[in-house]
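Counting from 1, one number per residue, gives the positions in the sequence shown under my numbering.
Treat the hints as calculated values from the structure; they're not laboratory data. Keep in mind that this is a model prediction, so the values were computed, not measured. Glycine included, each C-beta is placed from N, C-alpha and C at the ideal position. Check each hint, because a few of them may be wrong.
[Claimed, not checked] Below, computed lysine to any residue pairings styled on SDA-like, alpha-carbon distance capped at 25 Å:
{"hint": "1", "residue 1": "K27", "residue 2": "K37"}
{"hint": "2", "residue 1": "K8", "residue 2": "K27"}
{"hint": "3", "residue 1": "K41", "residue 2": "Y10"}
{"hint": "4", "residue 1": "K41", "residue 2": "V31"}
{"hint": "5", "residue 1": "K38", "residue 2": "A20"}
{"hint": "6", "residue 1": "K21", "residue 2": "K37"}
{"hint": "7", "residue 1": "K7", "residue 2": "E17"}
{"hint": "8", "residue 1": "K7", "residue 2": "T53"}
{"hint": "9", "residue 1": "K21", "residue 2": "H5"}
{"hint": "10", "residue 1": "K41", "residue 2": "L2"}
[Stated by the list, open to error] Label pairs and their computed distance ranges (CB to CB):
{"hint": "11", "residue 1": "K21", "residue 2": "S59", "range": "18 to 24 Å"}
{"hint": "12", "residue 1": "K41", "residue 2": "G12", "range": "25 to 31 Å"}
{"hint": "13", "residue 1": "I13", "residue 2": "K37", "range": "28 to 34 Å"}
{"hint": "14", "residue 1": "E17", "residue 2": "K37", "range": "27 to 33 Å"}
{"hint": "15", "residue 1": "K21", "residue 2": "Q58", "range": "14 to 20 Å"}
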Amino acid sequence: MLMIHIKKYYEGITGDEIPAKRYNSLKISPVHIHKNKKCHKDAILALGDEIVTQIRSQSPIPVKYTSERASEKVAAEH
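Using the sequences provided together with the hints, build the complete structure.
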């Protein structure tokens with residue numbers, strides 16, 4: 001179920017759809033409790049691979065640290 005939530009969250013914040021052809025071809029979802037453990041494992045690994053492939057293909061811009069952007073203020077809880 002977690003991988004489905006990660007997929008939906010990523011799609012929601014980026015607006016990009018993650019193609020999940022392999023996952024969908026397995027025709028298994030987290031609520032299919034009658035399926036065996038291997039089927040669920042294969043589905044999780046397929047979906048995870050498709051999520052990672054999509055994220056890697058976007059090649060995010062690296063964020064660099066500069067002292068000009070750093071703040072001297074530190075938040076502390078009492």
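Going down the list of hints, with the structure as the test:
Simply put, K27 and K37 have alpha-carbon atoms about 14 Å apart, close enough for the 25 Å limit, and the pair holds. For the proposed pair K8 and K27, the alpha carbon gap of about 18 Å is at most 25 Å, so the pair holds. Distance hint between K41 and Y10 is fulfilled; the C-alpha atoms sit about 21 Å from each other, no more than 25 Å. For the suggested pair K41 and V31, the alpha carbons sit about 13 Å apart, so the restraint of at most 25 Å is met.
For the given pair, K38 sits about 19 Å from A20 by alpha-carbon distance, which is consistent with the 25 Å threshold. For the hint pairing K21 with K37, the CA-to-CA distance comes to about 21 Å; that is within 25 Å, so the pair holds. The straight-line distance between the Cα atoms of K7 and E17 is roughly 9 Å, inside the 25 Å bound, and the hint therefore holds. Under the criterion of a C-alpha separation no larger than 25 Å, the hint pairing K7 with T53 is consistent with the structure, at around 12 Å.
Straight-line distance between C-alpha atoms of K21 and H5 comes to about 17 Å, which keeps the hinted pair within the 25 Å bound. With a C-alpha separation of about 13 Å, the suggested pair K41 and L2 falls inside the 25 Å cut-off, and the hint holds. About 22 Å separates the C-beta atoms of K21 and S59, a value consistent with the hinted range of 18 to 24 Å. At about 26 Å, the beta-carbon gap between K41 and G12 stays in the expected band of 25 to 31 Å.
Range check, I13 to K37: about 32 Å between beta-carbon atoms, so the 28 to 34 Å window is met. Distance hint check: the CB atoms of E17 and K37 are about 29 Å apart, consistent with the given range 27 to 33 Å. Here the CB-CB span from K21 to Q58 is close to 18 Å, well matched to the stated 14 to 20 Å.
Checked against the numbered hints given earlier, the structure satisfies every one of them.
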